[in-house]
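Student: Here are the chains, one letter per residue:
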Amino acid sequence: MRTLSLKVNGDTVQAAAPSHWTLLEVLRYKLGLTGSKQGCDKGDCGACTVLVDGRPVLACLTLAGAVEEREVTTIEGLMPLHVKSGGDGPDPVQAAFDRCGALQCGFCQPGMMLSARALLNKNPCPTRAEIREALSGNLCRCTGYTQIFEAVELAVAESIGVAPAPRSWEAQRMDPSEAQAAAKRAAAHLAERRKQEGRE
Amino acid sequence: MQAHVGGRVERPEGRAKVTGKSVYIADLKVEGAWLGGTVRSDVARGTLRGFDFAPEFDRTRVVIVTPTDIPGENVQALIVDDQPILAAERIEHWGEPLLLVAAPDARTLEAALAAIRPRIDPLPPVLDMELSKHAQKQITIEKGDVDAAIRAAKKNGHIVLEGTYHTDSQEQLYIEPQGCVAFPPDKDGTIVVKGSLQCPHYVRKALVRCFGVTPGQARVVQMETGGGFGGKEEYPSVVACHAALLARAARRPVSMIYDRHEDLAVTPKRHPARVRHKTVVDKHGRLIAMDIDVLLDGGAYTTLSPVVLSRGCIHAAGPYRCENTRIRGRVVATNHVPYGAFRGFGAPQTCFAIERMMDRVARATGIHPFALRHKNMLRVGDSTATGQILKDSVGSAEVLAAVAEKTGIDKHGWCAPRDARAGKARGLGLSFFYHGAGFTGSGEEMLKGRVRIDVLADGRVEVLAGSTEIGQGTNALFLAITAESLGCETADVVVATPDTAHVPDSGPTVASRTCMVVGGCLTKACRELAARVGGDVKRPWRERAREFAQRGGDGQVTVQYSSPKDVVWDDDTYTGDAYPVFGWAADVAEIEVDLVTLEVEVKRFSTAVDVGKAIQPALVEGQIEGGSLQAVGWAHLEVVTTRAGKFEQDRLATCIIPTTLDAPKFDVMLVEIPYAHGPFGAKGVGELPMDGGAPAVVAAIEDAIGVHLTRVPATPERIMEALESASQARKQ
Ligand code: FES
Ligand code: FES
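The listed protein sequences derive, respectively, from chains E and S.
Just so you know, the first sequence maps onto residues 514 to 713 in our numbering.
Just so you know, the second sequence maps onto residues 217 to 948 in our numbering.
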């Protein structure tokens, strides 16, 4: 047993846990944050994906002790963080997943949405190919993935203020000059958001 | 007012799901719960002689359950009572549960499971279904005179073709593993089980037999469920009985959540199949006779195999007209882990065979595969293999037309020999199929599924059904149907949690029946309620309903399903209306084969589906894309094999399913040919998309590189073998 000091969803929390415990175990069994799921016995499904300093990691493979002092974001923190940074309601990724039919059983979704959020943080206007690549570690058995891609594209479209195409919210259907302008707007939006979060 | 049916209603559980607040079974916090585990057989067949306990093992720290601790019958109640809850002596499959343990924490449980070793005298197992002598069920469907047609073939100048087709097993791979939490009997002897499950009333039935209690004393509550696809149809009853037995012995709640390894190793998967076809066609490609032999591996116990066989056989002749048809089916017992329900339920296996045979017929007759299917397809007025005359809602021509228009498959140069270009070869493949909605034969009549609606004091309407939301959208579907039927807003409707203490038995959430059957009952109930409440329909529903409740009006309506009068089925002869109606579909897969590695990439997948009416188009598309990807995965990626009766792919690292990178671009075309007895014209869609993907992909492989594969999954190894044997054959 040792007492860990973790920064989870903007709060500093203490948790006493055996030193071999993973971040997933501490989140689920000590902090009551059960939004992060366990879908496999280690490292194969992505359902446990959380963000550590904005980057996606598999919480089932990460020792809790290894992320002390680092910013951990779980699905529970996504909406509060968005609100804190001036947003209204859920993170655009969450809103888009809800709207697009991207969620069916929902079990893969927390991990999927955090992978998507990490992608958009780094690349505000990804192509379909980049989305596929970024989500390739998150298995979903329900959706066939299409509506998930569309959700990410809708989130992109909404956060950078362009109208999505009907049904298929395919961002790549945008005219290239419009896409570039949108990407610039998105980058600015993001920088603003980071500033508000005090990360830069 | 915006249309709910055909529009888009918000999923009521959506917000909780995207914010991580939904409670799945492993998220349920239960004070003082212990953890349960299972000691299993490590051989495929044998005789249990007893258990050895490691000397350091402290029995006082755990609770143990053996067959003698079962208060009721040691029977896993389903169709046939052949499966014990815990094997007492005879062991029939690897991983069979022998003894249960509960412990206060994971570490103690793990140590206990490691310290208990069963003593088993092994016996030689039967692992080849062709060698099994024990049939769990046999079926014969006969129409016309197949033998005479075959005998006369030569004289009539007909072509006779034979083929044998194999499909391997497949894992459902819901992302949330199986799990239940059971609470010890209260003072009235009532047991409560909560879990990840599709069919709460199935679980209740199993608990009733296991504990020897009344249905009222077994209460089953469905938690948010992380996918099922049939995998949570029958198996949750096993987990529930085990957890409940431990809870009773430990006198405290027991949580039994499988890890992925255990889930993959012991839960039922798709039945492996071998299907033989002997087909007679005339030179115009008209089907004259089909003699079909279906063999399924049922595994060690009967579970749902008879019903799987039945659906498989009824669909074996495909959506084609043929006056002489004979389908003989057998599902046999082996010492494999029992096989069970998986989306499609036997039909994907037989659909693969008939569609492969149709492609052979196309080659043999020189008729384009599209034209061949178009020529033989069933239309209104035609009769199926069971002699069912198709009356309405037959979308055969429409789905074929839609997929042809989208992909140009009808003009694609099929039989032309093609050079294998360097690098990659592209190909297109077609499949055409149908799937019966609802239970087979007299199933729905026997089931008598019920639905209830209730006006609450504030005027909202509660929908009470045993049907579960497992991701496919039951909740949103019920909201849409209710709001549309009553002329209210979806905010005026609540869907009750499936809890056997409160909801009526609507029948299981399987067989593409929730929308058509349960949704149909719901529509009727709403109509009745709307008539009772009355008032000026221009006024908001909630006001009128509140007044009605205040007046003391009876706002509770229960509707029980009854089949349309003209649906007649004879279970003895296997003739008549096998299903009230069918969903129809045609798929075109566009693939690329890497000529060096022989890996297949499915680039694009077009599917036209006649669903009667899409109550929620976005959900229907989600079902079609998700089901199609499962079919595509089965076609070329998802390998499930056994060795000595044990699944070889018992970790997610080896049990592969498609990732985002394996998913093709989908073109989904919804065709709506309304079904008169379905709610707003709707029929089933859940299973249909699973049927056609495998034959379409394999046909596309044939188109690309010219090998006629007869087995799925079509892995690179198998493609290589087929190429080699084809080149051998050419040399000879
Ligand atoms: S739980 Fe599956 S990758 Fe972490
Ligand atoms: S929504 Fe069910 S696994 Fe993705």
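To be clear, the hints were calculated from the coordinates, so they are not data collected in a lab.
Every value quoted in this text rests on a predicted model; they were computed, and no experiment measured them.
Every residue gets a Cβ at the ideal spot worked out from N, C-alpha and C, and that includes glycine.
One or more hints might be untrue.
Unchecked claim - Derived lysine-lysine pairs resembling DSSO-like cross-links, with alpha carbons at most 30 angstroms apart: (1) K635(E) <-> K754(S); (2) K781(S) <-> K555(E); (3) K664(S) <-> K781(S); (4) K370(S) <-> K245(S); (5) K520(E) <-> K245(S); (6) K555(E) <-> K862(S); (7) K819(S) <-> K627(S); (8) K555(E) <-> K543(E); (9) K237(S) <-> K635(E); (10) K494(S) <-> K543(E); (11) K370(S) <-> K597(E); (12) K819(S) <-> K635(E); (13) K819(S) <-> K591(S); (14) K237(S) <-> K555(E); (15) K237(S) <-> K520(E).
To be verified - Covered by chain E, per the in silico footprint, the following chain S stretches (three or more residues, Cβ under 8 angstroms): (16) 340-354; (17) 399-411; (18) 414-421; (19) 570-583; (20) 682-693; (21) 715-727.
Student: Where does the structure disagree with the numbered hints, that is, which hint numbers, in rising order?
Tutor: 1, 2, 4, 10, 11, 16, 17, 18, 19 and 21
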